[in-house]
Amino acid sequence: MGISEKFRELEKKKEKALILYISCGDPSADETIRIAKEVIDAGCDILELGLPFSDPLADGPTIQAASQRALEKGMNTDRYFEVAKKIEGVPKVCMTYYNLLLQYGLEKFCKKSKESGISGFIIPDLPLEESQDLLAVCKKNGIDLISIVSPRTDEKRIEKIAGLSRGFLYLQSTLGVTGARSSLPEELKRKIEQVKKISKIPVAVGFGVSKSEQVREIAKAGADGIIIGSALIKGIQDGRDVGSFVRGLKEATR
0 MGISEKFREL EKKKEKALIL YISCGDPSAD ETIRIAKEVI DAGCDILELG
50 LPFSDPLADG PTIQAASQRA LEKGMNTDRY FEVAKKIEGV PKVCMTYYNL
100 LLQYGLEKFC KKSKESGISG FIIPDLPLEE SQDLLAVCKK NGIDLISIVS
150 PRTDEKRIEK IAGLSRGFLY LQSTLGVTGA RSSLPEELKR KIEQVKKISK
200 IPVAVGFGVS KSEQVREIAK AGADGIIIGS ALIKGIQDGR DVGSFVRGLK
250 EATR
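Numbering (numbering that gives the first Met the number 0), first residue to last: 0 to 253.
Misleading hints may appear alongside valid ones.
Distance ranges between label pairs, derived from CB positions [as the list claims (entries may be wrong)]:
#1 E128 / R246: 38 to 48 Å
#2 K138 / L101: 13 to 23 Å
#3 R78 / L101: 13 to 23 Å
#4 E158 / A64: 18 to 28 Å
#5 K12 / E192: 15 to 25 Å
#6 K138 / S243: 38 to 48 Å
#7 S53 / D29: 15 to 25 Å
#8 E212 / L105: 37 to 47 Å
Read the hints as simulated data drawn from the structure, not as lab findings. The structure displayed is predicted, hence computed values, not measured ones. Glycine included, every Cβ here is placed at the ideal spot set by N, Cα and C.
Taking the hints into account, I'd like the entire structure generated from these sequences.
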């Protein structure tokens with residue numbers, strides 16, 4: 000099942016998509032597969048599987064540290080695809096940085112992604128103006144290129160981004176890098192409304208989401224999906240009951 004089909008299925012059930020991020024290779028490749036299975040069983044609808052990069056500009060300290068640990072354990076692009084292939088049950092999205100794709104070769108990267116069951120890419124450092132090459136290769140391989148809209152993105156640019164994006168639009172709830180925050184900005188509801196009016200594809204909100212109450216708040220504001228990364232990684236690190244945490248988040252999307 001692809002990303003669009005998953006959103007349609009959830010819409011019929013009157014649910015929002017719970018999109019969870021984990022860093023591939025942290026704490027190990029085998030543990031990544033185990034954790035992925037645990038979060039999918041607990042209610043994760045779409046899995047964002049991070050391919051670690053040495054200079055992750057958009058990531059907050061929690062995800063940066065997770066990427067660093069994964070790289071130190073020997074995670075690389077080929078091993079990433081091996082792990083991704085073993086994770087089943089939900090659409091998978093690869094989040095990484097453009098340099099890694101260029102080093103590997105766009106055609107080869109897309110082909111291997113498709114073979115590993117990856118449905119979409121999030122590439123935070125790839126500007127819209129430079130995305131044509133990747134868009135063409137993604138289209139050829141049936142992979143969605145998911146774009147990021149920031150709180151400062153104006154209407155004209157949102158139209159442009161939404162016109163080229165596939166799968167869903169990633170709306171940042173706050174400026175700056177990812178990380179769990181205690182409260183959500185007031186203007187978020189207005190931004191969700193604005194983007195929803197323009198976009199024909201689902202809108203998912205991420206950056207700084209960490210609690211069930213926030214998930215409920217974002218769902219009520221009209222978002223189609225909610226993305227959580229740092230809070231989950233911190234929970235894994237702290238040895239929390241990840242299944243129970245995810246079940247609580249999923250409950251808030253209903």
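The hints, checked one at a time:
no. : hint                    : verdict
1   : E128 / R246: 38 to 48 Å : 42 Å, holds
2   : K138 / L101: 13 to 23 Å : 18 Å, holds
3   : R78 / L101: 13 to 23 Å  : 19 Å, holds
4   : E158 / A64: 18 to 28 Å  : 37 Å, violated
5   : K12 / E192: 15 to 25 Å  : 23 Å, holds
6   : K138 / S243: 38 to 48 Å : 40 Å, holds
7   : S53 / D29: 15 to 25 Å   : 23 Å, holds
8   : E212 / L105: 37 to 47 Å : 41 Å, holds
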